[in-house]
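A.B. asks: Listed here are the chains, written in short residue letters.
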Amino acid sequence: KNQVEQSPQSLIILEGKNCTLQCNYTVSPFSNLRWYKQDTGRGPVSLTIMTFSENTKSNGRYTATLDADTKQSSLHITASQLSDSASYICVVNTYSGAGSYQLTFGKGTKLSVIP
Amino acid sequence: DAGVIQSPRHEVTEMGQEVTLRCKPISGHDYLFWYRQTMMRGLELLIYFNNNVPIDDSGMPEDRFSAKMPNASFSTLKIQPSEPRDSAVYFCASSLEGGGYSENTIYFGEGSWLTVV
Chain A
1 KNQVEQSPQS LIILEGKNCT LQCNYTVSPF SNLRWYKQDT GRGPVSLTIM TFSENTKSNG
61 RYTATLDADT KQSSLHITAS QLSDSASYIC VVNTYSGAGS YQLTFGKGTK LSVIP
Chain B
1 DAGVIQSPRH EVTEMGQEVT LRCKPISGHD YLFWYRQTMM RGLELLIYFN NNVPIDDSGM
61 PEDRFSAKMP NASFSTLKIQ PSEPRDSAVY FCASSLEGGG YSENTIYFGE GSWLTVV
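Keeping their order, the protein sequence lines are chains A and B.
The numbering used here numbers the first residue of the first sequence as 1 and each following residue consecutively.
The numbering used here numbers the first residue of the second sequence as 1 and each following residue consecutively.
These are calculated hints, taken from the structure and not from any lab test.
Source: prediction; values computed, not measured.
Errors might be hidden in some of the hints.
[Claimed, not checked] As a list, the in silico SDA-like pairs of lysine to any residue whose alpha-carbon atoms are at most 20 Å apart:
| no. | chain 1 | residue 1 | chain 2 | residue 2 |
| --- | --- | --- | --- | --- |
| 1 | A | K1 | B | L46 |
| 2 | A | K71 | A | S31 |
| 3 | A | K107 | B | S7 |
| 4 | A | K1 | B | D56 |
| 5 | B | K24 | B | R41 |
With the hints as extra help, turn the sequences into a complete structure.
C.D. replies: Spelled out as structure tokens, the structure:
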């Protein structure tokens, strides 16, 4: 069964500090991996999309890495700001044949940045 | 662009009542998705449309749920009759040709928060 596991479930850090969120997946065959940011009470917003051949992709202070061999991804946030407080969701896209793809969602990591 | 627009933002209804959620996708997007989000299960795909045609409805929990897309700019998700376990946030999302099932970005609406009492 395709699964996406994220850790930690929740995290509290001080403003200005860095943090790394983890995503492990067991889906196959792999197509791409996405990270979304979801503010409380809002819809998810795409941060990055990485294909099999990409190891790193940045979006401002957000840097995602992908190791397709170990089926792991991480999202690193640099110099955290209060506005980074949100849930971060890892989503893996798999190809299930006949032009059909399937997205498997992690349950997210809830990040709280405190002053 | 105004993004994906959903209504209502919040709905409280009694068990047994019919609930209709509405969605206007981003203009020009060929794919439309309905998701449900709960604390326990996270985000789950309910159904998606390509060019107004339902492609995969395997995520629809049961016959009480139905979705339609009468034209490229409007979709509805209906629950009849509603039950307390349907309480969740329902998101509509849209994407360009190739859909979220490629490298195209999926754009989510702000969600409809449903509470069934």
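A.B. asks: Each hint needs a verdict: does it hold in this structure or not?
C.D. replies: How the hints compare with the structure:
For the hint linking A:K1 to B:L46, the alpha-carbon distance of about 18 Å falls within 20 Å, and the restraint holds. As the CA atoms of A:K71 and A:S31 are separated by approximately 12 Å, the hinted pair is consistent with the 20 Å bound. A hinted pair counts as satisfied when its Cα atoms are at most 20 Å apart, and A:K107 with B:S7 does not qualify at roughly 25 Å. Our distance criterion of 20 Å between C-alpha atoms is met by A:K1 and B:D56, whose separation comes to about 19 Å.
With a C-alpha separation of about 25 Å, the suggested pair B:K24 and B:R41 falls outside the 20 Å cut-off, and the hint is violated.
Going through the hint list in order, the structure does not satisfy hints 3, 5.
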